[in-house]
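Colleague: Spelled out from the first residue to the last, the chains are:
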Amino acid sequence: MSATTTERGQAAGRGSARGTTATSAPARGGAGRSPRKRSDIRAGYAFLSPWLLGFGLLTAGPMLMSLYLAFTDYNLFEAPEFVGIDNFTTLFADPRFLKSAQVTAIYVLVGVPVKLAAALAVALLLNAKHRGQGAYRSMFYAPSLIGASVSVAIVWRAMFIDDGIADQVQQFFGLPGGGWVGDPNMTMPMMILLAVWQFGAPMVIFLAGLKQIPAELLEAAEVDGAGPIRRFISVTIPLLSPVLFFNLLLETIGAFQVFSSAFIISGGTGGPADSTLFYTFYLYIKGFTEFRMGYASAMAWVLVLVVGIITAVLFRTSRAWVHYTGDVR
Amino acid sequence: MVRTRTTTGKAAVHATAIAAVAALTLSACGGGGNAATTAEAAPVATDRDIELSLVWWGDDDRANRYEEAVKLFEEKYPNIDVKPQFQAWDDYWTARTTEAAGQTLPDVFQMDLAYIHQYASNNQLLDLSSQVGVNLETGDYDETLLGSGSVNGGQFGIPTSTNTLGMFYHQDLLDELGIEPPAEGLTWDEYDAWLREVSEAGADKDPQVYGGTDYTGALWIFIQWLVQQGKAPFAEDGSPAFEKADLVAWVERSQPLRDDKVFFPIQRAKQVEPLGGMQVGQATTEITWDNMLAGYAAGAGTENLGILPVPTGADGSQQFWKPSMLLSSSANTDEPDAAAALIDFLVNDPEVGKIFGTSKGVPAVAAQKDAMELAEGSIDSKIVTYEEEVADLVTAETPLPGEGYGVVEAEFKRLGEELAYGNINAEEFADQWFQSAEANLGGE
Amino acid sequence: MSETSYPSPTALGAGTAPRADRDHSSSSKARQRRRTGSVIFHVAVLAIAVVILYPGVWMLMSTFKPNGDIVGNVNLWPETWTLDNYVSALSGIGGISFWTFVLNSLILAVGSVVGVVLSSTVSAYAFARISFPGRGVYFAIMIGTMLLPFHVVIIPQYILFNSMGMVNTFLPLLAPKFLATEAFFVFLMVQFLRGLPRELDEAARIDGCGHWGIFRLVLLPLMRPAVITSSIFAFIWSWNDFLGPLLYLKQPDTYPLPIALRMYVDQTSISDYGAQMAMAVLALLPVLLFFVLFQRYLVDGVATQGLKG
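First to last, the sequence lines map onto chains P, L and C. With this note's numbering applied, the first sequence corresponds to residues 85 to 413, in that order. With this note's numbering applied, the second sequence corresponds to residues 1232 to 1675, in that order. With this note's numbering applied, the third sequence corresponds to residues 79 to 387, in that order.
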């Protein structure tokens, strides 16, 4: 992804595999040919065995199995019964499935950009060298660490309930009162606020990216008469684009997986009126409370396809807007 | 050639798939024959140590009561050690399903009418009939009540108690509003009118007080309403015996109340969960199972709650007993004799009756019922008195739900919420519920 | 916001040298600008800090308020202080001690740390330091799993563990940690190893070390920062994990804190916000402690993750 290097990387990077792109990781150290090579192969597989075992048993195997299950009717009690594409046709006629897809889509499409915008804005603010910057950075990061916990979900619920803090703030500004928790139109904003509250992690990454931007470039632009906005758009954003891309990818994938906060806030129902029925949540309900494992597997594979397409699109379009400096690919 | 290639390709895929699921089918298919546990019943062994698991759904209050009861049981059978455990309703059933799949259901566990068919027909439960007269006495049971625990001729559960629907009212709230509780024997339409009256009177209270909570989304209340019209809710195979039109009529009859915001609003209801409108002192009535009264009193912080029969239909109340808190045992238990003895103790022992009171409903066995200490005006005495009084009104047979009832009941409730939010109309309610019923109810 | 970060060129004048702004001995005008810039910075940052911290502080302070005075009370400072909430939180649920839940959480978290450290360091060494055919492909797959929605594996994994009778044990939650399925940690360590000079390996090789020796004696000690960062993340993630225990642990005496907390919310017949909050705070305590002690490692860990992608 990004090819920017840190100071440590620059200091010690000579000997290390710099081309960090996965597939092109060059087989270095190939100096001492065959006897060492053979022992290297043995050692390689030995050292990699935990990961290989885990990948085979807990990722690849299960993926194949769920692909098979997606075409079956299976409830844990009786042997899976092959049903063809029935699960998929039922899926797209299931109003609750469509609702869960819609809820998740809104969350991803609104939540992620807002969160990233907040992260970038605060990162820019903190990037100006002032005292206390490090402390603020840590403080702002803290919510990312606990945001998905049950504890925070409980607090969030309490804050957005009737007469809760959000309600009182609304009433203070003369807005119509009422808690958000019971209003299907307000639970999504509430969930998105919870996501935005955790802007710290992408902010830290942005901040690190900003520090990599050579001050000379910004100064040069300034000399050329570029205003702050112009400099931001023409210098900062392009140079930051690898980091932006990375954050976008990570946050998008993360947003698809939200579960525990919705579970706690809705009391395990996905309500009110299915307004917090996130994809993961519905899959949980189908798979682990109704035990329709085939149906849930079909849902999982639909999601894999969707996420796969989104990732592919992001990578494709990234060629147009992500600028890599240094190593030319 | 092409043909061969595709078939072998398919076969290969199939073979891989089979290999992939081999592990799971091994255990999952074991549900069939449980010959090991059909051995003759013999009196509980006293010469060796026995360990029993006992699992129920409920809250910490029930946990304390069970703990006391178990202590008594262990005094009676010093060689038996009971390991109790509990979960909340939803978790309880996911946990049991998992165990069922792994053939590891507890030795003794609470069962509900909504699930007994599913578990029994999957051969997960111990047929207790062979234990009757050996370790388990059912002589004090009413035949039909005991029948609720039998599936296809086997006795798979023993009901602990009976419930019937009732209408709770919040006396303190009504006093504040200066309104009398609803008259006994009023019709559904009269009840609705009464609700309107209360909600209007309570409109300027802070917080606003409503006549009652929306009863439309409770499947059991709908069933009660059907029974009052002389209709059977379920066919032999467990599929719905009523028409879509019946369901539409049910939803539409209460629609004006929703339109005019007479019911305790769903927005509030969702926020006070797991409490109800009555428990937070903002709704004056609620229709639910009579054994819930204790919980409502605890939530409302007052024992000054009353209980009345449900509104009547054309031929009176036509209420029915719902056998509740059945006790079942796993088909795979190593200790069927001891398990049966524990069930026997829990349903028959008078001391246990005293411990639980009416918290699980009115005990099914007279000895337990008589052992209860009923303080004047206490919750227990209110429920017992109610069930005695209402006995004349209980004229209908218990509609026994079949396999899959648990899922469609949850769907009914969910649709009730959608309805309350105004997201669906009566037609859509009926359509979507019947869709779920088709997928989940009635045989294969 | 960018305007507070960078000095405005209009104030500098067209002919002024760009260096002027950075020069501390420059005109008083510029110094003044810096000061106002600093004030604006601190005001803005403090405002954000208030918004960020409010929920946490409110939660903490709520636990010292009487139960009836929590939801509607916007004020942070309790009017009357009470420890009742902690007393009821610590009294456990339905006969199960609060400390049972803590112990379960601890076993899971410590087990996760051990598993992650053992499996990730070893796997990372293979990826970063041993060249063997197929390594590139495996590495690509490993990165790919980071992008894979976990949904696709939870059902078969569940079926697998269930068929082995491992539901209601900690094994389904710990086994993946010992098998390096969390690609994030492997990746973090690979990146760290790549930053260590190869000359170290060569020197050790000349001294007669094999791969195990190089790994164990030379690189592992140097990997300490990466190991610490991974350990903290592994601990916190396990400590906060909800879905995993929800799926695999069905018996209350095996519950870790998040599930116990959820049971507490569901099962108390009267809404006891105070005790809920108190338990929530207690559940977060170790995480916050780790954060205070190791914030640098955490924040730097996140920062490197983004840069070395």
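Incorrect hints may appear among the rest.
Some chain P residues close to chain L (C-beta under 10 Å, calculated; not the full set) [to be verified]: (1) L160; (2) L175; (3) P179; (4) A305; (5) G354; (6) P356; (7) A357.
To give an idea of the chain P side of the interface with chain L (calculated C-beta under 7 Å), a few residues [unchecked claim]: (8) A130; (9) D246; (10) D267.
It is worth saying that the hints were derived from the structure and are not from the lab. Ideal Cβ positions, reconstructed from N, Cα and C, are used throughout, including at glycine.
Colleague: Determine which of the earlier numbered hints do not hold for this structure and return their numbers in increasing order.
Modeller: 2, 4 and 8
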